[in-house]
Every structure is written in C-alpha cells, then in structure tokens.
Amino acid sequence: GINAEYGIQTNLRYSHLMSLLKAARMYGLQDLMKATNFAAIKHKDQRRKDADKTPYINHPIGVMNILCNEGGVDDIATLMGAVLHDTVEDTETSIEEVKLEFGDEVAGIVAEVTDDKDLPKDERKRLQVVNAPHKSTKAKQVKLADKLYNLRDLSRQMPVGWTADRVYEYRVWASKVCSGLVGANTSLENRVKQELAQHNVEFPFTE
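Read in order, the letters of the sequence shown are residues 223 to 429 in my numbering.
Quick caveat, the hints were computed from the structure, so don't treat them as lab data.
Misleading hints may appear alongside valid ones.
If you anchor each label on the Cβ, the simulated ranges turn out as follows [stated by the list, open to error]: (1) Ser316 to Arg235: 31 to 39 Å; (2) Leu251 to Glu345: 35 to 43 Å; (3) Met248 to Val382: 40 to 48 Å; (4) Val352 to Lys415: 32 to 40 Å; (5) Val382 to Glu311: 19 to 27 Å; (6) Gly294 to Ser377: 20 to 28 Å; (7) Gly250 to Arg378: 28 to 36 Å; (8) Thr385 to Asn259: 20 to 28 Å; (9) Glu345 to Ser316: 34 to 42 Å.
Here are the simulated DSS-like pairs of lysine-lysine, each with C-alpha atoms no more than 25 Å apart in a straight line [claimed, not checked]: (10) Lys357 to Lys343; (11) Lys266 to Lys357; (12) Lys271 to Lys321; (13) Lys357 to Lys339; (14) Lys415 to Lys347; (15) Lys343 to Lys275; (16) Lys321 to Lys275; (17) Lys275 to Lys339; (18) Lys357 to Lys415; (19) Lys256 to Lys343; (20) Lys343 to Lys271; (21) Lys347 to Lys357; (22) Lys271 to Lys347; (23) Lys321 to Lys339; (24) Lys256 to Lys266; (25) Lys321 to Lys266.
Backbone N, C-alpha and C define an ideal beta-carbon position, used for all residues, glycine too.
Working from the sequences, and respecting the hints, build out all of it.
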C-alpha cells in the first residue's frame, strides 16, 4: 500500500521533471552544427536570385553570422532559429520535423518567422509589417538579421529581373517591418538604419 503509493508518486515526479527538462532543453555547439548541416541539406539545390546564382545556404549562414558577430547574440537556440529560418517556408520541411529534430523552442522561433505560402505575396508582406511588433525577442532578432542581410545583398547586386523601383519598394517595406522590431537588438537596428540611410529611406519608418 504505502510503498506502492510512494512509488507512483515518485514516478509521477520523475515524469514531470523529465517533461520540464525536455521543455527547457539546453542547446550547445553540437546542436548548432547539426542545425547548420540540416539547413545545408535542405537548401542544397537552391540558389539566390542574384546574377551569380549564389548558393542559397549562404543566406541563412550569413543571417546567423550577423546575429552572432554584429548583434552580439550568443543564445544557441536563436542562432539555430536563424540558420533554420527558411527551411519550412522554402523547402519541403514541416514545423513538426524541426520540432522533432531540434525541440520546441527552436521550432517556435522558426514558426514565428515563417510566412504562410498559401497566402498571396502582398498579403504575406502586409502581415509581416502588422505582426512584427508581436513576435518574441528571439524571433525579432532573427528577422532583423534577415532583413539586414537582404538589404546589404540588394546593395551588392540587384536580383535578376528586378528594377530600381522594385528595389526601392523593398527597402521601404523592410523599413516598415524592422520598425516593428525596434527594441530587440540596438546594434542590429543601428546597422539597418545605416544601410537604409545610404538609400534615403528613413528608419524607423513613419507614415
């Protein structure tokens, strides 16, 4: 009786502890390397839209690098979210697969920065502006680094088929999105402002 009851309570406490530990998963360098390799495999056949057809994987790795070396972000889950941020949106990868491989926290960051491709492009862009202020700090940091990478890429080389007007419109839209991310990372925000100022686009954006 008493021993059996004690055993049940102990098992319940152990199960609860295990669930808490799983929810509060600690990430390390091995996880970051695994995520980078996962992204490389998922994006292996994709190219950027520039004339050089740069390997797509350069982008998520570059976003992760900006976060770490310019944004001062050393949180492994955030860096993993950065390198994985386009896997669900742009490859045959599900949030469930990311969750299975990397846990709830990383999957949550990826989910926050993933557009719904079933929606029209203009609606997806509108929602990025509307939803930006409501993202978690970690997701905001990923989005800031993502936009900064893309803005710099536009300055480096115009995508094939784009016009100068389209580039300008992208910069204005990016300013609107990033304006909703202010407060997440001052260093990255200053770099976004500097990049946009070179092209006479204000940041933070005001209507």
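### Query
Is it true that the C-beta distance of glycine 294 to serine 377 lies inside 20 to 28 Å, as the hint says?
23 Å, holds
### Query
Measuring from beta carbon to beta carbon, are threonine 385 and asparagine 259 in 20 to 28 Å?
37 Å, violated
### Query
Honestly, do leucine 251 and glutamate 345 meet the 35 to 43 Å range at C-beta?
With Cβ atoms ~39 Å apart, the hint holds.
### Query
Given the hinted pair lysine 266 and lysine 357, is their alpha-carbon gap at most 25 Å?
With a Cα-Cα distance of about 29 Å, the restraint between lysine 266 and lysine 357 is violated, given a limit of 25 Å.
### Message
Can you confirm whether the C-alpha distance between lysine 321 and lysine 266 stays at or below 25 Å?
### Response
Between lysine 321 and lysine 266 the Cα gap is close to 21 Å, so the pair holds against 25 Å.
### Query
At the C-beta level, are valine 382 and glutamate 311 separated by a distance inside 19 to 27 Å?
Roughly 21 Å apart at Cβ, these two residues keep to the hinted range, so it holds.
### Task
Decide if the proposed pair is consistent with the structure: lysine 347 and lysine 357, CA atoms, cutoff 25 Å inclusive.
15 Å, holds
### Query
Is the Cα-Cα distance between lysine 275 and lysine 339 25 Å or less?
Holds. Lysine 275 to lysine 339 sits at ~23 Å (cutoff 25 Å).
### Task
Quickly compare the C-alpha distance for lysine 357 and lysine 415 to 25 Å and report which way the hint goes.
20 Å, holds
### Query
Do the alpha carbons of lysine 271 and lysine 321 lie within 25 Å of each other, as the hint requires?
Answer violated: lysine 271 to lysine 321 is near 29 Å, above 25 Å.
### Query
Hey, lysine 343 versus lysine 271, does the alpha-carbon distance stay inside 25 Å?
Given that 25 Å is the threshold and the Cα spacing comes to 17 Å, the pair holds.
### Assessment of proposed distance window 31 to 39 Å (beta carbons of serine 316, arginine 235)
34 Å, holds
When each numbered hint is compared with the structure, violations occur for hints 4, 8, 9, 11, 12, 16 and 19.
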